[in-house]
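There are 2 protein chains.
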Amino acid sequence: MKKVINHTDAVVEEMLDGFVKAHSNTLKRLPDTTVVVRKDAPVSGKVGIVSGGGSGHEPAHAGYVGKGMLDAAVAGEVFTSPTPDQVLEAIKAVDSGEGVLLIIKNYTGDVMNFDMAAELAEAEGITVEKVIVNDDVAVEDSTFTSGRRGIAGTVFVHKVAGAVADTNAPLSEVKAAAENVKNNVRSMGVALSPCTVPASGKPSFTLEEDEMEIGTGIHGEPGIERVPLQSADRIAHTLLEKILADHDYDNSEVAVMINGMGATPEMELYIVYRQVAGLLKERGITIYANWVGEYMTSLEMAGFSITVLKVDDQIKSALSAKTDAPAF
Amino acid sequence: MKKVINHTDAVVEEMLDGFVKAHSNTLKRLPDTTVVVRKDAPVSGKVGIVSGGGSGHEPAHAGYVGKGMLDAAVAGEVFTSPTPDQVLEAIKAVDSGEGVLLIIKNYTGDVMNFDMAAELAEAEGITVEKVIVNDDVAVEDSTFTSGRRGIAGTVFVHKVAGAVADTNAPLSEVKAAAENVKNNVRSMGVALSPCTVPASGKPSFTLEEDEMEIGTGIHGEPGIERVPLQSADRIAHTLLEKILADHDYDNSEVAVMINGMGATPEMELYIVYRQVAGLLKERGITIYANWVGEYMTSLEMAGFSITVLKVDDQIKSALSAKTDAPAF
Chain A
1 MKKVINHTDA
11 VVEEMLDGFV
21 KAHSNTLKRL
31 PDTTVVVRKD
41 APVSGKVGIV
51 SGGGSGHEPA
61 HAGYVGKGML
71 DAAVAGEVFT
81 SPTPDQVLEA
91 IKAVDSGEGV
101 LLIIKNYTGD
111 VMNFDMAAEL
121 AEAEGITVEK
131 VIVNDDVAVE
141 DSTFTSGRRG
151 IAGTVFVHKV
161 AGAVADTNAP
171 LSEVKAAAEN
181 VKNNVRSMGV
191 ALSPCTVPAS
201 GKPSFTLEED
211 EMEIGTGIHG
221 EPGIERVPLQ
231 SADRIAHTLL
241 EKILADHDYD
251 NSEVAVMING
261 MGATPEMELY
271 IVYRQVAGLL
281 KERGITIYAN
291 WVGEYMTSLE
301 MAGFSITVLK
311 VDDQIKSALS
321 AKTDAPAF
Chain B
1 MKKVINHTDA
11 VVEEMLDGFV
21 KAHSNTLKRL
31 PDTTVVVRKD
41 APVSGKVGIV
51 SGGGSGHEPA
61 HAGYVGKGML
71 DAAVAGEVFT
81 SPTPDQVLEA
91 IKAVDSGEGV
101 LLIIKNYTGD
111 VMNFDMAAEL
121 AEAEGITVEK
131 VIVNDDVAVE
141 DSTFTSGRRG
151 IAGTVFVHKV
161 AGAVADTNAP
171 LSEVKAAAEN
181 VKNNVRSMGV
191 ALSPCTVPAS
201 GKPSFTLEED
211 EMEIGTGIHG
221 EPGIERVPLQ
231 SADRIAHTLL
241 EKILADHDYD
251 NSEVAVMING
261 MGATPEMELY
271 IVYRQVAGLL
281 KERGITIYAN
291 WVGEYMTSLE
301 MAGFSITVLK
311 VDDQIKSALS
321 AKTDAPAF
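If you read the protein sequences in the order shown, they are chains A and B. If you're matching positions, the first sequence starts at 1 in the UniProt record's numbering and goes up one per residue. If you're matching positions, the second sequence starts at 1 in the UniProt record's numbering and goes up one per residue.
You can trust all of the hints, since none of them are fake.
Put simply, identical chains are the same to the list, so a pair is met inside one copy or across any two.
Calculated lysine-lysine pairs in the PhoX-like style (CA-CA distance at most 20 Å, straight line):
1) Lys281 / Lys28
2) Lys21 / Lys281
3) Lys67 / Lys316
The set of hints was computed from the structure by calculation and includes no laboratory data.
Extracted from the complex, chain A is given alone in its bound form (with noise of 0.2 Å):
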């Protein structure tokens, strides 16, 4: 295993100190924990928005944090939930007594730990609303999931209701707004090659040496099939049209994110985009923004994801608006 780290129970906690260290002109850590907050939270008369989850998918979570992004962000070890306790403070950090609306990618862990955090949120008299997000639409149920699993399309959720809470609309509102974006999400992954755990220290699956796997999630769950290599292009094409075949988007404008999933060089992810916006074009699908870099990772991985949003009024202005967060 070669990794720049100093020890394998260390990488959480030493990233978080450098991650806040990096960011300490808006960002802070609650002490003892491993949430990072804004520093200005709670921010009065605003929704405050938590999201987080396993660690290795950096810069999510911690790096949405910021004003008209997310309020908190809940860091559990790598590609472990975070546990419920931690999730409570990050609750409490951001209620400003307007309530806290939760961003939980699908993934049993995950979900239940967020769950049971929102309960005893709730029993100190914090209201909680939930958003689960599941646009990976390459397979139903998983290694950690019940349903599909939520990956990239999810930072399209924080950004929407991120900028919708800035504008100290009622959870209600920031709650639909979050809705609606995982309403008209969709994403798929790629992956050419494995990643690994630090505490496993070793690669959590192997391809061969000409294999990739379509479909794969974020944490090297299994995909739908292993085949040779294929050109950009091609997989692509594959990517793209399992995801326009899952929801209508006819005649739309669409959001896209070409998302790196930790070693794939931005040159083929530029190779990548000018398939996918040549493909939309053909089928007369207009682009309205796009994303082009790392936004969900899987520590080392080779491989990417294709995210498409179909976008209306409120989330082309949702996404347009400003935000400080450091990765977006």
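Given chain A, put chain B in place with the hints provided.
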């Protein structure tokens, strides 16, 4: 070779095509060239700034084209200098009559080809000045270099020169600002794995499973020594000591960049930043601002570099100025 590409001889062409499609609001490509320019170039009353180099270092250099930074970036083939005719096209496209500054990384091919382009431009009546960046303290002379190599510190030169040019300062002042950064910036890197140039299909070098190379260049050129893999803290200490020993940083303020080479997870870059921030504090050096991420990569190489720039009021103001370049 596992890459998300179509044809090995089309990677730069298709990447540039995807890149300008993705950033068509502000950037365009000069027809039949590998030159990316601001859509509004030449900007009346403003000195033009041109940089570039081999491809494979994305987001360098096209990612730094935009208001407040570069006016044009010229892309060569992967790890290959752009040709003089391409650089000439860039110079002509951005000259508004106020002259053009070329920011060149110190590699023999780049220096020669940018020089030749400058002569051709001068023959056409355009005033051209040059700054050659050589921030890598690892080695004197190397595979492609006479003298020290130019690496990630070049991005700070782009930013500061771009911000000063944006004030409509004359060419002499823009050049002096770039020289000021060049004289005060030092960098050094480490590689944990090689990268593969698509056209060659083979890794640029090999490293044993438990080995790393201190001081490797951004094209996989040899560094100082190969040693068993060390802890993040120890690697960071080694690189930083060599950087600090090379310039007078005592009691100064600095800008710091922790630059991922391509396959190093953001988690690891923040673990490095944590140590660098701690060591600088111990030495009485104050961090004015920091950048942690991928700024000048080497395809899918695993590793990172540290850059430390001693800042004065001009540099601080220029680093903090707005830019719409996609990657800064």
